[in-house]
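Q: Once you have looked at the hints, place chain B on chain A.
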Amino acid sequence: MRWMFAIVLLTPPLAFAVDTEFLLVIRDHRFEPQELVVPAGKKFKLVVDNRDLTAEEFESHALNREKVVPANSRVPVFLGPLAPGRYPFFGEFHEKTARGTLVVR
Amino acid sequence: MNRSYVVLMVSLMQAPLLRAAPSDYVFLPSVSYGEREFDFKAGSSRNPGEPRQSAGSLGFGYGATQRWFTEIYGKYERLQGEGLRFDAWEWENKFQVTEAGEYPVDLGFIVELERPQDRSEGYELRAGPLFQTEFGRLQLNLNLLVERHIQAASEPDTEFGYQWQAKYRWQPHLEYGLQGFGEVAKWNRWGSADTQTHRLGPAVFGKLAMGDRQVIRYNAAWLFGVSEGAPGHTFRMQAEYEF
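Line by line, the protein sequences give chains A and B.
When we follow this note's numbering, the leftmost residue of the first sequence carries the number 43, and every step to the right adds one.
When we follow this note's numbering, the leftmost residue of the second sequence carries the number 3, and every step to the right adds one.
So here's chain A without its partners, still in its complex pose (with noise of 0.2 Å):
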């Protein structure tokens, strides 16, 4: 069993490229586009860039995420390989008008 343990300590992450990225932007307290279309199956960055003057939080259960977005900034959030289907995501700090989906096809 130590072996086991061995390898996991000794094995840093397996790195691998994300070639596609998605913009999503705040602005106004509401995330552009509130639907946004991703491909099934493959891994993705969406680039959450918060033009408002007050921090946001990118949170999805669905997804497994929750990132602080500060004010006037950009945050990478890594995604995926998803199924096909509906994501809901919203903005933890202004959930009344926050919203989105992410729809993977």
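Calculated directly from the structure, the hints in this document are not laboratory data.
Glycine included, every Cβ here is placed at the ideal spot set by N, Cα and C.
Be aware that one or more of the hints could be misleading.
[To be verified] One side of the interface only, derived from the structure: several residues of chain A facing chain B at Cβ under 10 Å:
{"no.": "1", "residue": "65"}
{"no.": "2", "residue": "83"}
{"no.": "3", "residue": "84"}
{"no.": "4", "residue": "87"}
{"no.": "5", "residue": "99"}
{"no.": "6", "residue": "103"}
{"no.": "7", "residue": "104"}
{"no.": "8", "residue": "109"}
{"no.": "9", "residue": "112"}
{"no.": "10", "residue": "114"}
{"no.": "11", "residue": "117"}
{"no.": "12", "residue": "120"}
{"no.": "13", "residue": "134"}
{"no.": "14", "residue": "135"}
[To be verified] Dumping the calculated SDA-like pairs for lysine to any residue here, alpha-carbon to alpha-carbon at most 25 Å:
{"no.": "15", "chain 1": "A", "residue 1": "87", "chain 2": "B", "residue 2": "69"}
{"no.": "16", "chain 1": "A", "residue 1": "87", "chain 2": "B", "residue 2": "188"}
{"no.": "17", "chain 1": "A", "residue 1": "85", "chain 2": "A", "residue 2": "96"}
{"no.": "18", "chain 1": "B", "residue 1": "188", "chain 2": "B", "residue 2": "33"}
{"no.": "19", "chain 1": "A", "residue 1": "84", "chain 2": "A", "residue 2": "113"}
{"no.": "20", "chain 1": "B", "residue 1": "209", "chain 2": "A", "residue 2": "81"}
A: Structure of chain B alone, referenced to chain A:
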């Protein structure tokens, strides 16, 4: 010194040096920037013929950067039939090394420094890597931890322990799975099977949104001892108020 303390001290001398508190919890590798939280943990365990041991902590934590979360705890413990007593101060620092989902395995690192009330124990340093991965709605965590006493009255050893959990993310307010904790004594020379402590059992998790950026998170587990050195049953829980 009453009988229950004598029983506890004898059992501790027979057990491996590193003996996790019943209130221990599974570290996660992610950090939430700007998040403030009050963190309450509690647990209770019992071995046949020994008094029930309870432990807990109350802490305040802050996501200082996108990669660093820091928290200060006050820890207490209680033996069955005795009063609550202060046990230690602890300073926990968690570092998020990779972004969630960036690689097949997310990586974090934990460094804890504890100052026990019993000054003969010196300082207690615990550190190690935190791993997380996911398969659809199944989230898996594994943490490998080493611990060492510094400036202690007795000769210190570096000891090894682990934590793991498998969680099915059913609903935000209720997720379920398994958790496990274990200690094997010295990191390079594991103790005999009867001194190792391995515990595992069912666990529940959840998050309750209170609105206005306020959230309560909880997780709890009922652990069964699966080695001779482990308590037969352990209950542990954690509740965090985030704002």
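Q: Hint by hint, say whether it matches the structure.
A: How the hints compare with the structure:
1. Annotation: residue 65 of chain A was flagged as interfacial toward chain B, and the flag is violated, the nearest CB pair being 17 Å apart, outside 10 Å.
2. For residue 83 of chain A, the interface hint is violated, since its Cβ never comes within 10 Å of a Cβ in chain B; the closest pair sits about 13 Å apart.
3. Among the interface hints, the one on residue 84 of chain A is violated; its C-beta lies about 13 Å from the nearest C-beta in chain B, farther than the 10 Å criterion.
4. Here the hint on residue 87 of chain A is kept, as its CB sits about 8 Å from the closest CB of chain B, short of 10 Å.
5. With a least beta-carbon distance of about 8 Å to chain B, the hint placing residue 99 of chain A at the interface is held under the 10 Å criterion.
6. A least Cβ separation of about 5 Å between residue 103 of chain A and chain B falls short of the 10 Å threshold, and the interface hint therefore holds.
7. Checking residue 104 of chain A against chain B by beta carbon gives a least distance of about 9 Å; that is within 10 Å, so the hint holds.
8. Against a cut-off of 10 Å between C-beta atoms, the interface hint on residue 109 of chain A holds, since the closest Cβ of chain B lies about 8 Å away.
9. Because the closest C-beta pair between residue 112 of chain A and chain B is about 7 Å apart, less than 10 Å, the hint holds.
10. Hint status for residue 114 of chain A: violated, given a least beta-carbon distance of 14 Å to chain B, over 10 Å.
11. A hinted interface residue such as residue 117 of chain A counts as satisfied when its beta carbon comes closer than 10 Å to some beta carbon of chain B; here the least separation is about 7 Å, so the hint holds.
12. For residue 120 of chain A, the shortest C-beta to C-beta distance to chain B is roughly 4 Å, which falls under 10 Å, so the interface hint holds.
13. Interface restraint check for residue 134 of chain A: the shortest CB-CB distance to chain B comes to about 7 Å, inside 10 Å, so the restraint holds.
14. The beta carbon of residue 135 of chain A comes within 6 Å of a beta carbon in chain B, closer than 10 Å, and the hint placing it at the interface holds.
15. Proposed proximity of residue 87 of chain A and residue 69 of chain B is supported: the alpha carbons are some 19 Å apart, at most 25 Å.
16. The straight-line distance between the Cα atoms of residue 87 of chain A and residue 188 of chain B is roughly 42 Å, outside the 25 Å bound, and the hint therefore fails.
17. Of the pairs offered as hints, the one joining residue 85 of chain A and residue 96 of chain A is violated, with about 29 Å between alpha carbons and a cut-off of 25 Å exceeded.
18. For the given pair, residue 188 of chain B sits about 30 Å from residue 33 of chain B by alpha-carbon distance, which is inconsistent with the 25 Å threshold.
19. About 29 Å separates the Cα atoms of residue 84 of chain A and residue 113 of chain A, which puts this hinted pair outside 25 Å; it is violated.
20. Under the criterion of a C-alpha separation no larger than 25 Å, the hint pairing residue 209 of chain B with residue 81 of chain A is inconsistent with the structure, at around 29 Å.
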